[in-house]
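Colleague: Full structure from sequences and hints, please.
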Amino acid sequence: MFPVLSSLIFLPLLGALAILFLPREREDLSRPCALITTGTVLAVSAALIFGFDRTAPGMQFAERSLWIPQLNVWYFLGVDGISIGLVFLTALLGFLACLASNEIRDRLKEYYVLYLLLMAGMLGTFLALDLVLFYVFWEVVLIPMYFLIGIWGGPRKEYAAIKFFLYTLAGSVVMLVGILIAYFTTKPHTFNMLELAAAASNGAFDPQLQMWLFLAFYLAFAIKIPVFPFHTWLPDAHVEAPTPISVLLAGVLLKMGGYGIFRICLPIFPQGSASFATAFAVLGVINIVYGAGVAMAQSDFKKMIAYSSVSHMGFVMLGFASMNSIGFNGALLEMFNHGIITGAMFLLVGVLYKRAHTREMDKFGGLSAQTPLYAFFLTICSLASLGLPGLSGFVGEFLSLMGAYQGFPVITALSLFGLIVTAGYFLFMIQRVLLGPLNPDCRYYKDVSPLETLTLAPLVIIFVVVGFWPALVLDLQKPTLGMLLSLLGVTS
Amino acid sequence: MVNVAHLIPLFPFLAFLINIAFGGKLKNACGPVSVAASAISFVLALFVYQGFRSGGGSYSLGTWLSLGDTPLNFGVMVDGLSIMMLLVVTFIGTLIQIYSIGYMQGDPRFSRYFAYISLFMASMLGLVIADNFVMLYIFWEGVGLCSYLLISFWFEKPAAARAGLKAFVTTRIGDTGLFLGILLLFFTTKTLSFHDLQQISEGHGTVLAIVAVLVFIGAAGKSAQFPLHVWLPDAMEGPTPVSALIHAATMVAAGVYLVARTYPLFLVDPFALQTVAVIGGISALLAASIATVNNDIKRVLAYSTVSQLGLMMLGLGVGGYAAGTFHLMTHAFFKALLFLCAGSVIHAVHTQDIWKMGGLFSKMRVTATTFLIGTLAIAGVPPLAGFWSKDEILSAAYQNGHTVLFGVAVLTSFLTAFYMSRLIFVVLFGKPRSNLHPHESPATMTVPLMILAVFAALVGFVGSPLAHHAFQGFVGGGESSAASQANGGMMILSTVISLAGIGLAYLIYILNVNVLPAGMLSRLNGLHQLLLNKYYIDEIYDAFLVQPFLGLCRISYKIDLGVVDDLVNGVARFVAALSEFLRPMQTGLVQNYLLVQIVGLIILILTLGKLCFRY
Amino acid sequence: MIPLSYIVALSAFLFCVGVFGVLTRRNAIGILMSVELILNAANINLVAFNRYSNGTDALGQVFSLFVIAIAAAGSVVGLVLIIAIYRNGKSIFVDKYDLMKW
Amino acid sequence: MAELVFFVIAAAICFFAVLVVTSHDIFHSSVWLAMTLLSVAGLYFYLDAPFLGVIQVLVYVGGIITLFVFAIKLTAHIGDKSIVQTNRQTIFAGLCCLILFALLMNMLQHSCHGPFPHSEPISLKQLGQSLVSVYVLPFEFISLLLLAAMVGAIAIGRDKK
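Residue numbers (the working numbering), protein chains in the order written: chain A, 1 to 492; chain B, 1 to 615; chain C, 1 to 102; chain D, 1 to 161.
Quick caveat, the hints were computed from the structure, so don't treat them as lab data.
Check before you lean on any hint, since a few could be wrong.
As the list claims (entries may be wrong) - Capping the alpha-carbon separation at 20 Å, the derived lysine to aspartate or glutamate pairs in EDC-like fashion look like this: (1) A:K363 / B:E156; (2) C:K96 / D:D48; (3) C:K90 / D:D48; (4) C:K90 / D:E120; (5) B:K25 / A:D447; (6) B:K558 / A:D447; (7) B:K157 / A:D362; (8) D:K125 / D:D48; (9) A:K478 / B:D69; (10) A:K157 / B:D565; (11) A:K157 / B:D69; (12) B:K558 / A:E360.
Claimed, not checked - Residues from chain B shown here face chain A by an in silico Cβ test under 8 Å; the list is partial: (13) I173; (14) D353; (15) V454.
Nothing here was measured: the structure is a model prediction, and the numbers come from that model.
We put the CB at the ideal spot given by N, CA and C, even for glycine.
Modeller: Here it is in structure tokens:
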């Protein structure tokens with residue numbers, strides 16, 4: 001059988017290698033090269049979805065070969081309902097953000113090489129089923145991201161890049177300790193996530209140990225998600241990163257944390273997860289309300305979107321806390337949605353920044369008349385982001401809240417307050433940017449270009465379609481989540 | 001023929017798609033597209049009505065989403081209440097869209113306007129036929145969105161942009177209540193379908209009363225009930241036909257519709273009904289009193305809408321299910337008429353200040369006549385529509401023993417008659433107060449006015465004793481049978497109240513009689529100021545809710561930067577400080593390093609040497 | 001013959017004096033001189049052990065020769081470096097050159 | 001008698017070596033260094049390694065010291081006595097060296113015991129033969145090293161201006 005999943009990881013690597021060998025004077029070829037590569041990755045991942053069996057709960061397209069025999073480390077890849085959506089999301093955003101990279105003008109070769117390396121790392125993280133492999137990819141993501149922010153970023157890029165790198169690294173070091181403990185606790189020693197989960201259900205980890213291991217992994221994931229109070233790298237990194245990288249940061253990197261919780265914390269440490277459910281819920285509501293409140297206070301467009309990410313990821317946390325089918329479905333769907341919607345939001349900020357070279361919302365005004373298509377995109381994305389029914393953001397939030405309400409009615413009620421505030425700051429943003437009399441400075445802004453439309457339209461179409469027909473995504477993830485829940489000992 | 005009900009929202013939605021996609025090419029054809037779509041919907045609604053009469057009912061189109069084990073269906077609710085709403089919305093909607101073609105002529109975003117209106121129609125009709133809470137909530141937010149888009153339609157005006165934001169956020173506060181109610185209901189009863197409400201209302205006790213109150217919060221937000229009423233007057237920044245359609249006839253009535261739809265929940269506990277009635281009463285009186293002094297033609301009507309919606313809520317709250325829904329229907333007609341008339345006037349004189357108008361009657365005969373009919377209808381002069389429905393509410397309040405609320409309703413009726421008469425006396429009669437050149441509006445505007453005027457005058461008969469309360473029987477609600485008995489005394493009372501209100505206005509504004517002694521007048525000055533400033537509710541909200549909240553946001557941002565982020569950076573700074581302390585060890589002087597090396601060598605010899613040489 | 005330990009002690013002393021010179025001399029040439037002292041200390045040891053060992057192998061002396069050769073090469077390169085540094089920085093005091101830090 | 005010779009040589013080495021590292025004038029230091037190296041050459045003679053002694057005199061005193069003197073003269077006016085020739089860590093370094101010496105002595109006391117076999121001194125012929133037979137490879141490498149050092153010295157020392 002054709003190794004589809006390996007091809008997903010190695011295609012970007014091959015592309016990177018090809019660009020690396022481009023002569024310096026033909027640097028301009030690196031963009032088409034990267035576009036072809038990411039386009040192929042997108043096509044492969046789309047084919048993956050079509051070939052995916054929506055009824056099977058287990059791993060599909062699995063590839064397994066021994067990597068380091070002495071340590072029982074395997075090169076083990078596979079997709080299931082949890083990862084398939086995120087793999088597609090990564091491929092899609094990877095391609096669209098690559099399209100949107102035309103604003104990058106200098107050091108093209110390095111940029112695209114790093115970009116493709118980042119792609120490989122992200123896809124690998126979602127596909128790896130061996131903890132060592134997972135850790136390798138997890139770290140591989142960091143390095144290109146560090147350079148992409150640090151070289152092509154905004155005025156405070158060095159600060160943001162270092163902060164991002166160190167912060168995430170600090171988390172993953174703790175995770176590494178967790179991985180090793182998990183490895184040495186099981187007999188025979190294994191890094192295989194599925195075997196670990198099976199061992200866990202046979203009582204390989206006693207509850208006390210589970211709690212510690214859970215915390216070790218959770219810290220790494222919480223920083224990535226990011227959960228209050230570990231969120232402060234995010235506004236800096238998002239604001240300083242160039243537009244395409246912000247898209248990937250918000251769209252994919254944040255999902256790696258949530259994915260890790262689904263893939264590792266919940267199945268391998270079910271009791272540990274269960275004992276922290278309340279903490280999850282509390283942190284979730286803090287994320288939602290606090291993130292929304294801080295977003296309300298922003299005058300910088302991009303920073304506002306960054307804090308809105310914090311707020312939205314709170315719903316994911318709330319979904320985790322629910323420990324039931326509705327909540328899990330909601331959390332996973334919300335991750336997908338957030339990737340699509342916030343990705344589009346960052347693209348929109350980039351469109352505006354390209355024209356105005358500022359992100360202060362008060363410097364705009366009345367763009368609705370000047371750039372109607374832009375206004376349309378911004379409005380519909382804001383509406384999706386604030387959870388308007390009929391667009392996909394609503395379904396994810398609705399399911400998360402519904403799931404969480406069962407166990408935590410008061411916390412859920414509190415988090416509803418975040419919905420109001422979210423509506424407030426998004427509409428306030430629209431009021432400042434799109435409405436009102438046309439700001440004279442914006443007189444010469446051109447409307448969204450065809451290329452920009454090409455990057456935005458697929459995302460809008462996806463969140464509208466998923467909003468109308470959420471079963472498209474939910475059906476993919478349902479069997480796997482059902483199995484996960486039975487592993488957690490939750491019936492129904 | 002009932003099974004075409006789900007197509008009713010579809011046609012306006014198609015019109016929306018056509019207008020948004022091809023608006024630039026269609027230009028002036030956009031209006032007719034939307035009108036045609038809602039006309040088709042109206043015809044379909046008639047078919048559904050026919051089918052319902054011959055025994056059709058609700059049906060389902062399949063599952064949309066499953067919540068654990070509970071499937072959420074694309075269900076279509078077909079009963080008296082929803083058919084009544086379908087007919088009213090499509091009929092009035094069609095007329096208002098015809099009117100809009102004239103009113104919006106020449107606007108640069110003509111096609112956008114009709115696209116939004118069509119989207120609104122689709123959402124509103126979807127809301128009406130939704131058979132479960134989630135579907136209803138989806139369309140509920142949909143109409144809210146359209147309301148937002150249309151209020152800030154003329155977004156160049158900062159006031160319009162602000163009003164849109166205010167409307168959306170205020171109603172969203174209410175929606176949050178509704179959302180919570182939905183969650184609570186789901187986890188208490190495991191169902192969200194409206195069909196099951198009657199059945200589940202037994203056996204769950206007071207939890208359902210809480211659900212009912214939460215649902216009512218949602219309804220209060222949408223229907224602009226106190227304390228969430230503040231957005232509606234500001235919403236008048238939108239185009240006038242929008243005010244007529246969304247903010248008078250249909251969307252704001254959705255709150256009342258929701259309460260009526262979930263009435264079994266409210267019947268569980270008297271407390272829930274009490275809440276509805278009291279809030280309704282407060283809103284009715286509060287808004288009516290503000291309307292008596294306001295000088296903006298549209299805002300008077302907006303406060304009147306709040307007041308009338310309050311009256312409907314009051315009617316529902318005192319147990320008059322049929323009375324409330326009946327008033328909902330009649331109000332839709334005459335308030336739409338009034339707004340359209342106001343629109344026609346504004347179209348002619350380009351101002352909204354009533355004290356700049358005057359003597360318009362002779363210049364705009366059609367508009368003025370229909371305006372007059374609408375006013376008489378809302379004032380409750382027999383035998384116009386408002387008389388019958390208001391009478392029902394008064395009877396219901398009286399007969400169910402709510403004396404105070406009855407008093408409130410009577411006072412509101414009086415004030416309604418007074419401020420509406422004041423409005424037309426000032427606007428239509430007397431001498432022109434400023435240099436305006438009014439002219440009659442085009443036929444696309446006057447024809448809908450005339451049609452609506454006929455209905456505003458006559459639609460009340462369907463629920464009158466003369467028609468044996470056919471309407472009440474149609475929408476159901478057997479508990480209203482007590483109210484449905486003809487009550488001669490109540491009719492006379494309500495007529496007297498209306499005439500008294502009109503008479504008082506006539507005395508003051510036509511004859512310029514000083515009704516009150518001068519001393520009293522000056523003492524009332526304070527009250528006048530209070531009313532003119534809308535009880536300072538906006539200011540109170542701003543000072544005690546909005547600004548403190550925004551301040552809190554800013555503080556939390558400061559905390560985020562100063563505390564949360566600083567803790568992180570503090571760790572970094574601690575490490576840096578530590579390195580600052582250790583860094584001088586790296587002097588860069590080779591000899592220092594060598595010296596350290598020698599010291600190390602000595603230590604090595606001292607420790608290892610002990611092992612090797614045993615000394 | 002005097003005991004071997006005497007010679008080794010002498011070599012140790014020479015070594016320590018050399019180390020002291022390396023540690024304390026500011027002048028780079030002085031440091032180089034001290035290095036020569038250290039090398040000589042080593043050489044003394046090599047020759048002495050060779051003399052006192054039981055065999056006919058000339059290893060010790062051969063290595064002393066090598067050390068002398070290397071020391072010569074070392075001081076040549078070292079001195080040239082010092083001159084080059086002097087040309088750039090107008091000083092051969094090593095505490096003037098503390099660029100190799102953080 | 002033989003002991004006396006040794007002690008004289010040893011005393012000379014120690015005395016001159018200390019002067020090398022303590023002298024304030026770098027030029028004086030070089031002179032003392034020459035004296036030290038000569039004394040070491042004497043020690044070689046004493047240890048029956050006359051060839052080595054000759055080489056020591058030729059290479060060191062004849063070659064390296066000359067180089068030092070040249071270097072000192074090229075980096076002029078640093079021999080000025082007003083400039084402090086020792087750095088600030090002198091006392092501590094001295095202390096360390098003393099301790100080190102004490103430790104070495106201590107170790108010596110505990111290790112180098114026993115009678116040593118009295119063997120014949122290595123003859124010059126033996127030395128020469130082993131240089132070109134057993135140790136020919138290192139020997140060649142050393143010559144290569146010297147060549148490299150020479151080339152390197154020229155390359156570095158050339159004034160690029």
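Colleague: Which of the listed hints are broken here?
Modeller: 2, 3, 4, 6, 11, 14, 15
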